[in-house]
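> For reference, the chains in residue letters:
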Amino acid sequence: MTVDWQTIADAFGLGGMYALMAVGIGLVFGVLRLVNFAYGQLVMAGAYSLAFAYERGWPVWVGILLCFAVVIVLSVAMDWVVFRPLRTQTPAVMLVATFAVAFLLQSIALLWFGSLGKIAASLSSLNQPWTVGGVDIRKISIVATVVAAGCLLALVLLLGRTNVGLHMRAAALDFRTARLLGVRANRVIGTAVLLSGLLAATVAVLMTVQTPLVTPDFALRDTILVLAGVVLGGMNRLISATLGGFAIGFASGFLGGALPTNQSQYLPSFLFAAVILVLLIRPGGLFTRFGQQAAERV
Amino acid sequence: MTTPALELDELEVRHGAVQAVRGISLTVDRGEIVGLIGPNGAGKSSTLHAVMGLVPPGGGDVRLHGNSVVGRSPEDVARSGIALVPEGRRIFAELTVDENLRLGSAGRRFGDLDSVYELFPVVRDFRKRHAGALSGGQQQQLAIARALIARPEVLLLDEPSLGLAPQMVDAVFEALAQIRDSGIAILLVEQRAQRTVALADRSHVLANGRLRLTLGPDAANDTETLVSAYLS
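Residue numbers (numbering that gives the first Met the number 0), protein chains in the order written: chain V, 0 to 297; chain G, 0 to 231.
Note that these hints are calculated values from the structure, not bench results. Some hints could be false.
[Claimed, not checked] No farther apart than 20 Å at their CA atoms in a straight line, the calculated lysine to any residue pairs in the SDA-like style are these:
{"#": "1", "chain 1": "V", "residue 1": "K117", "chain 2": "V", "residue 2": "I63"}
{"#": "2", "chain 1": "G", "residue 1": "K127", "chain 2": "V", "residue 2": "R55"}
{"#": "3", "chain 1": "V", "residue 1": "K117", "chain 2": "V", "residue 2": "V155"}
{"#": "4", "chain 1": "G", "residue 1": "K127", "chain 2": "V", "residue 2": "L156"}
{"#": "5", "chain 1": "G", "residue 1": "K127", "chain 2": "V", "residue 2": "R160"}
{"#": "6", "chain 1": "V", "residue 1": "K117", "chain 2": "V", "residue 2": "R55"}
{"#": "7", "chain 1": "G", "residue 1": "K127", "chain 2": "V", "residue 2": "G164"}
{"#": "8", "chain 1": "G", "residue 1": "K127", "chain 2": "V", "residue 2": "G159"}
{"#": "9", "chain 1": "G", "residue 1": "K127", "chain 2": "V", "residue 2": "R137"}
{"#": "10", "chain 1": "V", "residue 1": "K117", "chain 2": "V", "residue 2": "N185"}
{"#": "11", "chain 1": "G", "residue 1": "K127", "chain 2": "V", "residue 2": "I63"}
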């Protein structure tokens, strides 16, 4: 196993991106008790938007704007068409519905763009190194870490310092009581879905730098790993889910870079085995408080 | 004749095949406490849930100052001026006392901190603490304070004395008398029949979803009447 600064920086970058995805999934889970399996497809849609803009030679900022617009429109549409009508149904029904949405979006991508994939390389210059303290580190590793930290800080401020953040936290703890106090259910759910979409678009931009080939299964593997990370950290609290996402991203990035290629093929299996082991010891999640029980729903 | 603050008109509530409330009618005026007492399963909590829009009424009407609130969502009912102190307090244990109070004014923008602090000094003293760290009695005071902060026209309370020490029950009932004096209409659901009858302007005994009897404060010590109403 060889470890260098680039590997550690990559691990931080991937950990940050996975933490953002974990927050996106955790926010919706908090207010709807729903694991959105279609989250990866939102990232995929954002990546295709970037590829679409790149193919036409549009400026980078136009591509990024398009990416955010498409992902937000899709998120809001998902809320209106799927989440709201099914909100009073059982978590199992909503869970299956997100599977259906995931496959639908993936099939649409396959039909529209084909299976060979499209290139989104407008930000490929971020793969060039920066020299930090005499050590060469790819810019994207630093940018991903900084962007993830900035987004998480902004989210902490939003949740901790604003009324809508307070309403979201209350809804995540006890939605019925929050509604009895006048907290508007649709507004809280809509805000969670919107924030979740913003984070998915951010992840799409960062991810296409490292993986410029956008295919219909773009971000699928990452979403599955993040979901495992969210369960690993503890689903019932946003902070524990976020830490779980970061932990699995960091571990994935670190081991992926440090292990020889013939061994790194087994990395996902190792990671899932580790997640199972941790959950056997701490069923409520690695970062939950001692004594807290496992999530009862979903 | 003035319009009552809260009016239940032939209200019915069904939970599947079970009819929990069978056409009850009652009114609550400003500055009045109306008690709703009765054995477990009588339909007391179901009545409050129907008023708040948590369960759709199977029939009848609920009016706030003459305007029907039936069919509205719980948040809309809260925003229109009806506040519920739910059974078991349902405070947000992981949030601070201050944050719980801020949530109380989620529906209406005019928070009335000063009068709430005056009524419940403990809420002011512990405002930076996590609500889960408060004692049961303090949590109940917080739950009532949270409901009052939006200056509701009607206050519904579901078993506010449940699980409290006798001293704390006295404090809660004392506070309810003061809230009544401020002009708020109160519908009080309670298991403590004698205490409720003594405090309320009138109390309705509910059994099997029907109003059986209406008692005035002077009937508080008439144990025989109370027992026969419960067993009817």
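> Determine for every hint whether it applies to the structure shown.
Hint check:
{"no.": "1", "hint": "V:K117 with V:I63", "verdict": "holds (16 Å)"}
{"no.": "2", "hint": "G:K127 with V:R55", "verdict": "violated (56 Å)"}
{"no.": "3", "hint": "V:K117 with V:V155", "verdict": "violated (35 Å)"}
{"no.": "4", "hint": "G:K127 with V:L156", "verdict": "holds (18 Å)"}
{"no.": "5", "hint": "G:K127 with V:R160", "verdict": "holds (14 Å)"}
{"no.": "6", "hint": "V:K117 with V:R55", "verdict": "holds (12 Å)"}
{"no.": "7", "hint": "G:K127 with V:G164", "verdict": "holds (18 Å)"}
{"no.": "8", "hint": "G:K127 with V:G159", "verdict": "holds (14 Å)"}
{"no.": "9", "hint": "G:K127 with V:R137", "verdict": "violated (45 Å)"}
{"no.": "10", "hint": "V:K117 with V:N185", "verdict": "violated (36 Å)"}
{"no.": "11", "hint": "G:K127 with V:I63", "verdict": "violated (42 Å)"}
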